[in-house]
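Given next are the chains, with one letter for each unit.
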Amino acid sequence: MKFAIQVNEGPYQHQASDSAYQFTKAVLEKGHEIFRVFFYHDGVNNASRLTIPPQDDRHIVNRWTDLAKQYNLDLVVCVAAAQRRGMLDDNEAKRAGKDASNMAEGFRISGLGQLIEAGIQADRLVVFGD
Amino acid sequence: MKFAIQVNEGPYQHQASDSAYQFTKAVLEKGHEIFRVFFYHDGVNNASRLTIPPQDDRHIVNRWTDLAKQYNLDLVVCVAAAQRRGMLDDNEAKRAGKDASNMAEGFRISGLGQLIEAGIQADRLVVFGD
Amino acid sequence: MLQTVNKSPFEKNAMQSCLRLSPQGSAVLFYEDGVYAAVKGTRFESQIKEATQQFSVYALLPDLEARGMRAEDVIDGVKTVDYSGFVDLVADNGAVQAWL
Amino acid sequence: MLQTVNKSPFEKNAMQSCLRLSPQGSAVLFYEDGVYAAVKGTRFESQIKEATQQFSVYALLPDLEARGMRAEDVIDGVKTVDYSGFVDLVADNGAVQAWL
Amino acid sequence: MDDMEGEGTIKKFLYLNRKAPYGTVYALESLEVVLIGAAFDQDVSLAFVDDGVYQIRKNHNTKVDSGIGMKDFSKTYRVLEDYDVEKLYVEKESMEERGLTKDDLIVPVEIMDRAQMAALMAEQDVVLSF
Amino acid sequence: MDDMEGEGTIKKFLYLNRKAPYGTVYALESLEVVLIGAAFDQDVSLAFVDDGVYQIRKNHNTKVDSGIGMKDFSKTYRVLEDYDVEKLYVEKESMEERGLTKDDLIVPVEIMDRAQMAALMAEQDVVLSF
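Chains as they are written, first to last, in our numbering: chain A, 1 to 130; chain B, 1001 to 1130; chain C, 2001 to 2100; chain D, 3001 to 3100; chain E, 4001 to 4130; chain F, 5001 to 5130.
Where hints are given, some of them may not hold.
Unchecked claim - Here are some, though not all, of the chain C residues that point toward chain B, as calculated from beta-carbon distances under 7 Å:
#1 Met2001
#2 Glu2032
#3 Tyr2083
#4 Ser2084
#5 Val2087
#6 Leu2089
#7 Ala2091
#8 Ala2098
Unchecked claim - If you anchor each label on the Cβ, the simulated ranges turn out as follows:
#9 A/Arg95 to C/Arg2020: 49 to 57 Å
#10 A/Gly31 to E/Ala4119: 31 to 39 Å
#11 B/Arg1108 to D/Gln3054: 37 to 45 Å
#12 E/Val4079 to B/Met1001: 25 to 33 Å
#13 B/Pro1054 to E/Asp4103: 30 to 38 Å
#14 F/Val5064 to B/Lys1002: 39 to 47 Å
#15 B/Pro1054 to E/Ala4039: 13 to 21 Å
#16 A/Asn72 to C/Ala2071: 29 to 37 Å
#17 E/Ala4039 to C/Arg2020: 48 to 56 Å
#18 F/Lys5058 to E/Glu4110: 36 to 44 Å
#19 B/Glu1029 to E/Glu4093: 38 to 46 Å
#20 D/Asp3092 to E/Val4079: 33 to 41 Å
#21 D/Lys3040 to E/Lys4012: 56 to 64 Å
Think of the hints as simulated: they come from the structure by calculation, not from any bench. Ideal placement from N, C-alpha and C gives every residue a C-beta, glycine not left out.
Chain A with its partners taken away, still in its complex shape (with noise of 0.2 Å):
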C-alpha cells in the first residue's frame, strides 16, 4: 500500500516530527511503499542541516536524510512555508539574493501541489501535527 506523509511542526518543540519518523520506518519495515513526505507549516525546520542537538539526544534531521538514503524517499519542503520561516536551498538563496541556504541532504524545495498530488496518488495521507 503506498503512504503519503504530513509533517506540520518543527523539530523538537512537538513530538509530530518524532511520531511521523517512528510511523513512516514502521510503514517502510513493513514492506509498504512511502510516495512522499510533505513538511509543511514549520514542520519545513526539519530540513535545516545547521541543527546541533545534545549528543544524547536524537538527531531529528539526519534521522529523515538517512531514512531518506536507506529508502529512496522524497522528502519535499513547501516553498511558501519555507520562505517565510527562513528555509532556504543553493537555488532559492540565489534567486532571493541571500548570503546562505540552510537545507539539509536529502530534502528538496517544491509546491504545495506536491501535498495535492500526494493526496491523489497515495493510498492513504497520514497528518501529524499539533
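For this one, chain A is given, so just place chains B, C, D, E and F on it according to the hints.
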C-alpha cells in the same frame, strides 16, 4: 520601569512573536525601558536572516532588527535552544564546523543565565508563548 | 498580579485553570485567541460575568477587532485596552503570570 | 475511517470533538499526549468506556510507556498497539482524520 | 511537478478547519492549500468545526501597519467560489456554543448537525487537518 | 554575562509547569532553565499544575534508540535537591482528576489546594510559565 520579555514561539506559526513585538514597541513608546528580549524554545527562530515572507505580509525578523537598532535593544537567543533548532551565528557555526550561519543582525547568542538575570534585574518579566 | 490568557476557552484549558487558581483581586487579560472568552453570547458568558466579581477582567481590543469583534461586543464588566493599556496593566499589577 | 487524537483531553478539546463527530464504527487511536485519555482512573474513564461501544479504541504503547504507563493501565476495551500496529490501523480503516 | 499522473483520478478531499485565525497560522496556510488544490479538479469540501468557524466570521479588521500587524486574509474565502470550491460546511453546535448565526459569516455555508457532519466525513478519501 | 549585577537581590521565582512531557519540549526546556537558574541563588519554587503533574510521574520509559525515540529526562527531577531546589508543589485537583497520588510521583512534593496555590502565586516576584 524596566521590562524583560520572553518569546517562546517562532515567527508566523503562532502569534506570540507578533504580540511580543507590539507589546515591546508600546513599552518603549511609553518611555519605559526594555532590559532584554530573550528568545527561548522555537522563539530562537525569530532570529533567522534567511526568511522571505510574502511582499504583502509583515517581516517579523526585520521588525525586531529595526526596533533593536532604534532603541538599542538587547535581543538574546538561547544557545541551547538555538543549537537544537539550527540557529547559528558565525562563531557558533565555525566552532561546530557548520558551513553556514543564519543569524540576523541585532541578535546575539548567549546562555539561559541571561533569562534568569533578566528576571532579577527587570521589574517585570512578560512571557509570550503558545 | 496580572494573569494573561492567550488561548481560546473552547480549544484549551488555560482560561479554566487561570480562573480556578488565580489569586483573588488579580487582573486578568484576554488577548490573542483568548479574546473569544470575553465576548457576549458564547457558552462562557456567565462564567466570565461571575469572574468579574473576583477579578478585574480585560480584553485586548486589537485582537478583538482583528477577529471581527468590537468593544461593544464584550461582556458587561470587561474592559478593553490597547497595547499601551496592556503595558499599564503590567506596570500596575506586580508579577505577570502567563497561562500558556 | 481512522481517527487520531494526539492531545491530552485535559489540555485540549480534540478528543471531545473527535468523539462527538466521528462516524460510528470508526477506529480511534490515541497517541502522543493523547494516550492520557486511554488510562484508568482519570475523570474521562467513563466517557472512554462509553466510546468503546461505538468505536474501536486504541492507544499507542510506546507513548504510554514513555509517560510511565503500561498496557495494563489502559481502560478495559481499549487495545494497545505499537507503531507497526498503527500502520495496520491506517491500512485497514480507509481515510485517516487527524484531530489536531 | 508531474500533475499529469493525477489526471483521471477524482478523489473526495475534506479540509477540516478547527483553529481560530491569527492566533496561529493554520487557518491562513490551510487556505493556501485550498487555493492551490483547486487546480487539481478534485471533489473538495471545507468543514469549519470548533474554533474553525471563527475563520469565516465577518468584519475581520487588521492590517500589516495597524492593529495586531497581520494582514486580514478573510476576504479570500469569498473568492473560493471562483475556484469552484463551493461546498462549505459549518457544524451546528460549534456555531451555537459561540453564539454565531449564518449572518455573522462572510460566505454562504451549509449548516450541518452532528450526524450530517459524520456522514460527510465518512465519505472522504483524503482528510487534510488544520 | 554580568551575573554580578544581580548579586544581593533575592527574588521569588515560580516555575509554572502545566504541560505533559514528550508531546512538547516545554517540560524538558523548563527543567534546563531551573538547573541553570539554581546557580543564581534566588528563592525558587516549582509548581506542577494541570498536565504538568505528568512530568513527575514515575516509570517514564523511553530511550533515543527505543520506544518513541526520545530520552527519558524524568530522573533529573531527582537531582534538583542537590541544586537546593526543594520547593516542589503540585495542585490537588490536578492530581485527583488524573487519578494520581503522591506514590505515583518520582520526587517528594507538597500537595496544595486551590487557595494555597493562589497564595503561593500571589507572593512571587517572577513567574516563568511553560
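Right, here's what the structure says about each hint:
1. With a cut of 7 Å, the hint placing C/Met2001 at the interface with chain B is violated, because the nearest CB-to-CB distance is about 11 Å.
2. At its closest, the beta carbon of C/Glu2032 sits 5 Å from a beta carbon of chain B; the interface hint therefore holds under the 7 Å criterion.
3. For C/Tyr2083, the shortest C-beta to C-beta distance to chain B is roughly 4 Å, which falls under 7 Å, so the interface hint holds.
4. Taking 7 Å as the C-beta contact cut-off toward chain B, the hint placing C/Ser2084 at the interface holds, the least distance being around 5 Å.
5. For C/Val2087, the interface hint holds, the least distance from its beta-carbon to any beta-carbon of chain B being 5 Å, beneath 7 Å.
6. The beta carbon of C/Leu2089 comes no nearer than 10 Å to any beta carbon in chain B, farther than 7 Å, and the hint placing it at the interface is violated.
7. With a least beta-carbon distance of about 5 Å to chain B, the hint placing C/Ala2091 at the interface is held under the 7 Å criterion.
8. At a threshold of 7 Å, the smallest CB-CB gap from C/Ala2098 to chain B is about 4 Å, leaving the interface hint in force.
9. Between A/Arg95 and C/Arg2020 the Cβ separation comes to about 53 Å, which falls inside the hinted range of 49 to 57 Å.
10. Here the CB-CB span from A/Gly31 to E/Ala4119 is close to 34 Å, well matched to the stated 31 to 39 Å.
11. Range check, B/Arg1108 to D/Gln3054: about 56 Å between beta-carbon atoms, so the 37 to 45 Å window is missed.
12. Hint check: E/Val4079 to B/Met1001, Cβ distance near 47 Å, so the stated range 25 to 33 Å is violated.
13. Taking the beta carbon of each, B/Pro1054 and E/Asp4103 are about 32 Å apart, inside 30 to 38 Å as hinted.
14. With their beta carbons about 42 Å apart, F/Val5064 and B/Lys1002 fall inside the hinted range of 39 to 47 Å.
15. At about 19 Å, the beta-carbon gap between B/Pro1054 and E/Ala4039 stays in the expected band of 13 to 21 Å.
16. The hinted range of 29 to 37 Å is not satisfied by A/Asn72 and C/Ala2071, whose Cβ atoms lie roughly 58 Å apart.
17. Taking the beta carbon of each, E/Ala4039 and C/Arg2020 are about 49 Å apart, inside 48 to 56 Å as hinted.
18. Roughly 50 Å separates the CB atoms of F/Lys5058 and E/Glu4110, a value that falls outside the hinted 36 to 44 Å.
19. Judged by the Cβ atoms, the range 38 to 46 Å given for B/Glu1029 and E/Glu4093 holds: they are separated by roughly 43 Å.
20. The hinted range of 33 to 41 Å is satisfied by D/Asp3092 and E/Val4079, whose Cβ atoms lie roughly 39 Å apart.
21. The beta-carbon spacing between D/Lys3040 and E/Lys4012, approximately 38 Å, falls outside the hinted interval of 56 to 64 Å.
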